[in-house]
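Trainee: Here are the chains, one letter per residue:
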Amino acid sequence: MTGERLTGSDVLLKALAEQGVEVIFGYPGGAVLPIYDALFKQNAIRHILVRQEGGAVHAAEGYARSTGKVGVVLVTSGPGATNAVTGLTDALMDSIPVVCLTGQVPTHLIGNDAFQEADTTGITRPCTKHNYLVKRSEDLARVVHEAFHVAQKGRPGPVVIDLPKDILQGAATYSDPPPGGHRSYNPQVKGEASAIEQAVELMAKAKRPLFYCGGGVINSGPGASQLLTQFVHMTGFPCTLTLMGLGAVPASDKQFLGMVGMHGTYESNMAMHDCDLMINIGARFDDRVTGRLNAFSPNSIKIHVDIDPSSINKNVAVDVPIVGDAGHILEDMIKIWKARQHRPDGKALDSWWKEIEAWRGKDCLHYEPNDSIIKPQFALQRLFEKIKDRDHYITTEVGQHQMWAAQFLGFEKPNRWMTSGGLGTMGYGLPAAMGVQVAHPDALVIDVAGEASILMNIQEMSTLAQYRLPVKVFILNNEYMGMVRQWQELLHGGRYSESYMESLPDFVKLAEAFGAVGLRASKPDEVDDLIDEMIAVDGPVIADIMVDKTENCFPMIPSGAAHNEMLLGPDDKAARPVSEEGMVLV
Amino acid sequence: MEDQDIRQHTIAVLVDNEPGVLARVIGLFSGRGYNIESLTVAEVDDAAHFSRITVVTSGTPMVIEQIKAHLGRLVPVHKVRDLTLEGPHVEAELALVKVAGTGEKRVESLRIADIFGATVDDTTLDSFVFRIDGTGEKINRFINLMRPLGMIEVARTGVAAVSRGNKGFS
Numbered sequence: 000m001t002g003e004r005l006t007g008s009d010v011l012l013k014a015l016a017e018q019g020v021e022v023i024f025g026y027p028g029g030a031v032l033p034i035y036d037a038l039f040k041q042n043a044i045r046h047i048l049v050r051q052e053g054g055a056v057h058a059a060e061g062y063a064r065s066t067g068k069v070g071v072v073l074v075t076s077g078p079g080a081t082n083a084v085t086g087l088t089d090a091l092m093d094s095i096p097v098v099c100l101t102g103q104v105p106t107h108l109i110g111n112d113a114f115q116e117a118d119t120t121g122i123t124r125p126c127t128k129h130n131y132l133v134k135r136s137e138d139l140a141r142v143v144h145e146a147f148h149v150a151q152k153g154r155p156g157p158v159v160i161d162l163p164k165d166i167l168q169g170a171a172t173y174s175d176p177p178p179g180g181h182r183s184y185n186p187q188v189k190g191e192a193s194a195i196e197q198a199v200e201l202m203a204k205a206k207r208p209l210f211y212c213g214g215g216v217i218n219s220g221p222g223a224s225q226l227l228t229q230f231v232h233m234t235g236f237p238c239t240l241t242l243m244g245l246g247a248v249p250a251s252d253k254q255f256l257g258m259v260g261m262h263g264t265y266e267s268n269m270a271m272h273d274c275d276l277m278i279n280i281g282a283r284f285d286d287r288v289t290g291r292l293n294a295f296s297p298n299s300i301k302i303h304v305d306i307d308p309s310s311i312n313k314n315v316a317v318d319v320p321i322v323g324d325a326g327h328i329l330e331d332m333i334k335i336w337k338a339r340q341h342r343p344d345g346k347a348l349d350s351w352w353k354e355i356e357a358w359r360g361k362d363c364l365h366y367e368p369n370d371s372i373i374k375p376q377f378a379l380q381r382l383f384e385k386i387k388d389r390d391h392y393i394t395t396e397v398g399q400h401q402m403w404a405a406q407f408l409g410f411e412k413p414n415r416w417m418t419s420g421g422l423g424t425m426g427y428g429l430p431a432a433m434g435v436q437v438a439h440p441d442a443l444v445i446d447v448a449g450e451a452s453i454l455m456n457i458q459e460m461s462t463l464a465q466y467r468l469p470v471k472v473f474i475l476n477n478e479y480m481g482m483v484r485q486w487q488e489l490l491h492g493g494r495y496s497e498s499y500m501e502s503l504p505d506f507v508k509l510a511e512a513f514g515a516v517g518l519r520a521s522k523p524d525e526v527d528d529l530i531d532e533m534i535a536v537d538g539p540v541i542a543d544i545m546v547d548k549t550e551n552c553f554p555m556i557p558s559g560a561a562h563n564e565m566l567l568g569p570d571d572k573a574a575r576p577v578s579e580e581g582m583v584l585v
Numbered sequence: 000m001e002d003q004d005i006r007q008h009t010i011a012v013l014v015d016n017e018p019g020v021l022a023r024v025i026g027l028f029s030g031r032g033y034n035i036e037s038l039t040v041a042e043v044d045d046a047a048h049f050s051r052i053t054v055v056t057s058g059t060p061m062v063i064e065q066i067k068a069h070l071g072r073l074v075p076v077h078k079v080r081d082l083t084l085e086g087p088h089v090e091a092e093l094a095l096v097k098v099a100g101t102g103e104k105r106v107e108s109l110r111i112a113d114i115f116g117a118t119v120d121d122t123t124l125d126s127f128v129f130r131i132d133g134t135g136e137k138i139n140r141f142i143n144l145m146r147p148l149g150m151i152e153v154a155r156t157g158v159a160a161v162s163r164g165n166k167g168f169s
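Protein chains in written order, with numbering that gives the first Met the number 0: chain A, 0 to 585; chain B, 0 to 169.
Take the hints with a grain of salt, since some may be wrong.
[What the hints assert, rightly or not] Derived pair list, reagent style DSS-like, types lysine-lysine, alpha-carbon separation capped at 27 Å:
id: 1; chain 1: A; residue 1: Lys189; chain 2: B; residue 2: Lys137
id: 2; chain 1: A; residue 1: Lys152; chain 2: B; residue 2: Lys67
id: 3; chain 1: B; residue 1: Lys78; chain 2: A; residue 2: Lys189
id: 4; chain 1: A; residue 1: Lys253; chain 2: A; residue 2: Lys337
[As the list claims (entries may be wrong)] Chain B regions said to be covered by chain A (calculated; three or more residues, Cβ under 8 Å):
id: 5; stretch: 6-20
id: 6; stretch: 32-39
id: 7; stretch: 56-66
id: 8; stretch: 96-104
The set of hints was computed from the structure by calculation and includes no laboratory data.
What you are looking at is a predicted structure, and each value in this text was computed from that prediction instead of being measured.
Glycine included, each C-beta is placed from N, C-alpha and C at the ideal position.
Take the sequences, apply the hints, and build the full model.
Mentor: Encoded structure:
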């Protein structure tokens, strides 16, 4: 395989193929023409032409998150690379493995303010896990192999390879990935045995334990989710999941308390506050989860399993830190639990569950049904009923609809839920759904969207049409940036500054203009038929669901509040005005 | 209770000597709002292309842990050592101090330089360039004494540090 003289572009594609790449999401331009020429001459790698580079990165994220593989992006220099920055930051925040190839002006022009030149490695340094500027054609194969290693190992993330045009055109030699590890980057996957033992002993003694798990379990592979579910059953402990962790334990599981955090369930947040042992596996004590830090789970001992040492003791000081991969550590924990024949403290656990059941009894996701106006929660409940027995994947944009989707669509398996958690990128859902559909051509892929978010990357409808990707866009249309409006109502005296979406397009006609099918429902009794039709259409659909314009997303932990200070519904808000300190937080 | 005391730490980092590595380290500090009080970098192994970065920073124990964890996960970083935590170490810095003037002040500056063990690297009839090395604290004292004696320019290298004893950087 080695020794053959090729061009840089040939070597690049060969290295990608060797890494198992089947599809690239990209957009051509001057600096990457040699790669597009090489792509033209081969059949191993498929290219999906997006309509804006930002869409390419989100598509690669959707592809990666739904398959566990690395998503690959190819964009040109200058604006191609700068358009990719939001997606790269998104992938960094949510730990998604992406390799992004960016074109660059020829090496002799770098620094000359040449046409379509940007300091791509400079711009992307803080928003990637690592980046490379390739200065010799001979380095291409090595750098590509290294980039895939870095993107996947440890906490996954985006890696940029900046490729000057002359490097792509120059003669290069292919080489296979070197055996053995990387010379400096080999993150720890096995956890420290004594810490794992200590954690298991604490679990055996706990009276009010709680599993709090996140995206790290998903990223560890489907096996980790199975192990987690097994361990949850074995211990009888309650389990809550973060937004990024949904699906790690089946939503229908009796021991699953629902999502935790700002719009998580009452029972999850109360259990977080009142537990005596918190077993955090692959979650990072994000501010959306913790609420006010000095009131966060005040009486618990905290175990924290994370593959990224910098996540440990970042926001919350923990008692038992364990650095390593969630799957490996769960396996070890289960082994020790079994070997020592541990049984949970049944009596204590019973009374803990009784408390939890009382919290559950609050039915915190309850909303007031309406015969004439479609409630967004109702639309999602109907959607869930119609899709739950089908092979389906859900993506979302960002805002109220995202939180309702997290609350009302039950995820039974990992890798079925793609959402922008850390960065909160409006416009993520449609291109992400596109990437998911490319990876799973026969599955039902739905982007739960808002009418504001969807317009941020609406151009990708054209890509769906070109590749006949039957993505269903399910818009909860309240004619507002709903979450902005909700915060303005709660925090800014109902002054709805710039949050009303004026002059919205007719989404049905817009769908038709893109060669898709447009559907609309305005009354609750039209929702079921619309969903049936949407699923039946053999192609992309935009479904425009005209929902209640003023519905707010509850329950909610207001900014600066603690877990046990949740607002359960609209009537709660007057009783507890948001504090001055809370106003400053986002 | 968590320890909220802010302490100064000297951290040594062994990195691949490659373009952008210093930018990654500096970007990490600025992007996350950490302090850099001193930073030095130079290649220390030309065969292996290793550079050693010595950074003096300050923070609570939690912040210092974060800094080390973030440094450790940078791809070109091979080793991170907290010299302050790991026991006694030797720190040294070099400074060039230019003093201009004539008469009694000029004589006094030379006398103090002699006391401090500074050498004279350049002289004209109305100026000296002193070279002094030692701890940052010693150099601070020297500079404070030179200021009223006509000091017009200072260049400092920042701190280089190694641990005491027979153990290497492993």
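Trainee: Each of the hints needs a verdict: does it hold here or not?
Mentor: Evaluated hints:
1. Taking the CA atoms of lysine 189 of chain A and lysine 137 of chain B, the gap is about 46 Å. The hint is violated against a cut of 27 Å.
2. Of the pairs offered as hints, the one joining lysine 152 of chain A and lysine 67 of chain B holds, with about 19 Å between alpha carbons and a cut-off of 27 Å not exceeded.
3. With a C-alpha separation of about 19 Å, the suggested pair lysine 78 of chain B and lysine 189 of chain A falls inside the 27 Å cut-off, and the hint holds.
4. Taking the CA atoms of lysine 253 of chain A and lysine 337 of chain A, the gap is about 22 Å. The hint holds against a cut of 27 Å.
5. For the stretch 6-20 of chain B, the assignment as covered by chain A holds, since 3 residues bring a beta-carbon within under 8 Å of that chain's beta-carbons and 3 suffice.
6. Counting residues of the stretch 32-39 of chain B whose beta carbon lies closer than 8 Å to any beta carbon of chain A gives 0, which falls below the threshold of three, so the coverage claim is violated.
7. As drawn, the stretch 56-66 of chain B meets chain A at 3 residues by the rule of a beta-carbon pair under 8 Å; at three or more, the given contact holds.
8. Taking a C-beta to C-beta cut-off of 8 Å, the stretch 96-104 of chain B contributes 0 residues in contact with chain A, too few for the three needed, and the coverage statement is violated.
Checked against the numbered hints given earlier, the structure breaks hints 1, 6, 8 and satisfies all the rest.
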